[in-house]
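Residues per chain are reported as follows:
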Amino acid sequence: MRFALLLFGLLAAGALLPYAPQADVHPAAADLPASAAHLLGTDHLGRDVLARLLAGSRAFLVPGAGAALLAGLGGVGLGTLAGWYGGVVEGLVRGGLGAITAVPPLVLALLVMMAVGATPTGLALGVGLAALPGLAEVVADRLAELRRAEFVVAARALGLGDLRILAWHLLWVNTRTLVGREALAIVGQALVLEVTLSYLGRFGVQEPAPSWGNMIDHALRTGSVNPWTWAAPAGAVMLAVWAANPAGGRR
Amino acid sequence: MRLVLRALALRALAFLTTTAGAVLLVSVCFALVPGDAIDALPNGPELRAQLEGEWGLVGGPAERVLGTFSRAGRLDFGHSLTVSPGAPVAELMGSAAARSARLLAPAALLSLLAGFAGAALAGAGAELPPSPWRPRLVRALASLSALPAVLAALATVNGVNALAWPLIESARLTRPVWFALPETDHPVRSFLAVIVLTGASGSFLWGVRRAGDTLADLAARPFVGAERARGGPIAPLLARHLVVPAARMGAAHLPLLLSALVVVERGFGMPGAGSLFWESCGRRDWPVTVGLAVVAAVTVTTARFVADALAVVFDPRERAALA
Amino acid sequence: MRVCAGERLLLDDFGLRVQAGEVVAVVGASGSGKTLALRSILDLLPFRPGRIAGEVRVNGARRDGRSLRGDVGLVFQDARGSLDPLRTVGAQLAHAAGLAGAESPGPALLERLGFAEPERAAQRYAHELSGGMAQRAAIAVALARQSRFLLCDEPTTGLDAPVQAALVRELRSLREVGILFVTHDLRLLPGFADRILVLAGGRVVEEATSLEGLRGAGRALVEATAAIAPPSWPRSRA
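Protein chains in written order, with our numbering: chain P, 1 to 251; chain D, 1 to 323; chain R, 1 to 238.
Each hint should be verified, as a subset may be incorrect.
[What the hints assert, rightly or not] Here are the computed distance ranges between Cβ atoms for each label pair:
#1 D:Val313 / P:Leu73: 35 to 43 Å
#2 R:Arg120 / P:Asn174: 57 to 65 Å
#3 D:Arg102 / P:Leu39: 39 to 47 Å
#4 D:Ile234 / P:Gly159: 48 to 56 Å
#5 R:Ala161 / P:Leu5: 39 to 47 Å
#6 P:Leu158 / R:Arg187: 32 to 40 Å
#7 P:Asn174 / D:Ala235: 55 to 63 Å
#8 P:Trp168 / R:Trp233: 49 to 57 Å
#9 R:Arg120 / P:Glu150: 36 to 44 Å
To be clear, the hints were calculated from the coordinates, so they are not data collected in a lab. What you are looking at is a predicted structure, and each value in this text was computed from that prediction instead of being measured. Even for Gly, the Cβ is constructed at its ideal location relative to N, Cα and C.
Excised from the complex, chain P in its bound form:
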């Protein structure tokens, strides 16, 4: 998990560097191999691959963070309701979550993006909504397990209020790592969705703005001689996905 945070931190820093896609077009310098001036070479339009790679990370980090926030807030809220109160409340919440998971995640994300627009906001909403039930389930399961624990009974016996037990002991101390891991995985999911949309066409980030997905798509369609044009973004995607899912979790 630490590696992933490091990686994403670096990417975010790189993404903050100013990059003007149009200004980068140098037809004369097309398809150059890796060199000192261009560490990963250039693509078919002469654009520096590394610069696009760093700038392109914005395309998934921002929506990913938004999705993680959405799923995190909603998921923790609903999961707490379900896990803490149990009974009918839990049944209702889980049923509602079940309704969301019944729609395959890609289908759901696409529907949301069609309703809201093929923008980073749309991506964030789509991924966030699709990932919300997973996070909620994780929190609910953990709380259901913990609320019967002896230390909770002991805390109550000491006179601690339910809210305090819940907020501090259960949620913060015991659940935050779990939630953190899920949130990281959600950023990975946002990346995968972005790449998928670019690959399928039309709903991804549009040229000339870079994104790892459209870099791969562009490279394969224009058939550049420099292998880094597709290898770099593809490798970056795999590395990021592997890092975001440390235990090899689900998508």
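Starting from the known structure of chain P, fit chains D and R onto it as the hints suggest.
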């Protein structure tokens, strides 16, 4: 018997409400969509009034939601707008689903089997001394399959192309019929598609972990030890206890497989429900899009209900619980 | 018999003899290796790597741990857990009998073990049985398997006192099997055990035919039990 029926009825109720909820979600998304495909049609403005009524594009969000709901309930999915204008959506979906089923069914079975095989290979549930390299090997394989479907499809298609092209050019291989023609079925392409679908949808990876946990947990139970102490066969015992978890896993994998289906079908250029969905999204063909989304959701909830029903039939503890 | 886990010697020089119809009790403090001893007889160590050195003979013939399974039955502490949750008691009796190549003993066996309504009991599932009933069912399954010896691993733990007493009585009445009864509660032994073995630190340190006959480590256990035992309990003259 009455317990079984009551438990089944409860599960059926859960199935209906979840399905309704999913349809609601789909129709809400649809209701919020700005613009429509009528503008894309050449004689759109003339037919606007008629088409709007037919496709439920009238009224505010609430009316649209209700409209979709009632039409879904009547199984009236309308007619395609742009993908195959005029064609009844139900028909389109039917033939597409039939084609996709040929990919989905083997992939679903394979991911379940591979999940449990992988777990068993890693030594879960066995009485043999566990060798350290086996679980590591399985974990490595499983993390390889963390590859997203999109990249796997890309890699496979481009890899095969890259491999085959020089062979074709040097005339050592005649260009196969299915190489670029989407309509022709070919076992090799289907096989590759199934492999990618299984391996890269996340279901295999998830399956291995879940299967491993389930198997290990099961093998540690006292009644398994008791059967061993009795000198009885363990394999049938474990198998009997794995039916319900396997069914549940299958139902849980289905959404992942359906998502990956869109990518795989499009990547491999194969027609089916996945490609149809993507096309209808791109062309804003709402009846088809909504229809497919609803069908996908219903498939998932049905699979869940089947797993629940199996649990009620096979596990007496499920009948005792009220929820 | 000696049992090692890796480098550690867990059980050393464990030897005993049991005859049909006999009840041999093995007592000792927690961690003395009682459960381990039972599992080793059937080669069912819960950990690896483990080595068992030693031999088991039945009627003079040397038998391998695995081949003993079935002929020697194991009765677990967690009775409900040791029953298959998906099958009725009757089905499990039939299955066990089948393993021995015999006919299912049916509800008659359950009646013998103290079930009030044996037919109904045979239709029950494990989760519907109380602790005592589950233990009786587990013993019935072992008997259906035609086990000639029962290795009982603290089968009365967690049960009410009257249920414990009844269970012990029923075990005593099983004249056709030899019973090795591991327990840490010595109060069960009067009138029940024919011989008592004391286990400490992985070795058999004492053997006697009654509580009064115990000296040394066994005596210490008897004294410790005096605090919770009835007045008739043997106490040292202070």
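So which of those numbered hints doesn't the model satisfy? Numbers 2, 5, 7, in rising order.
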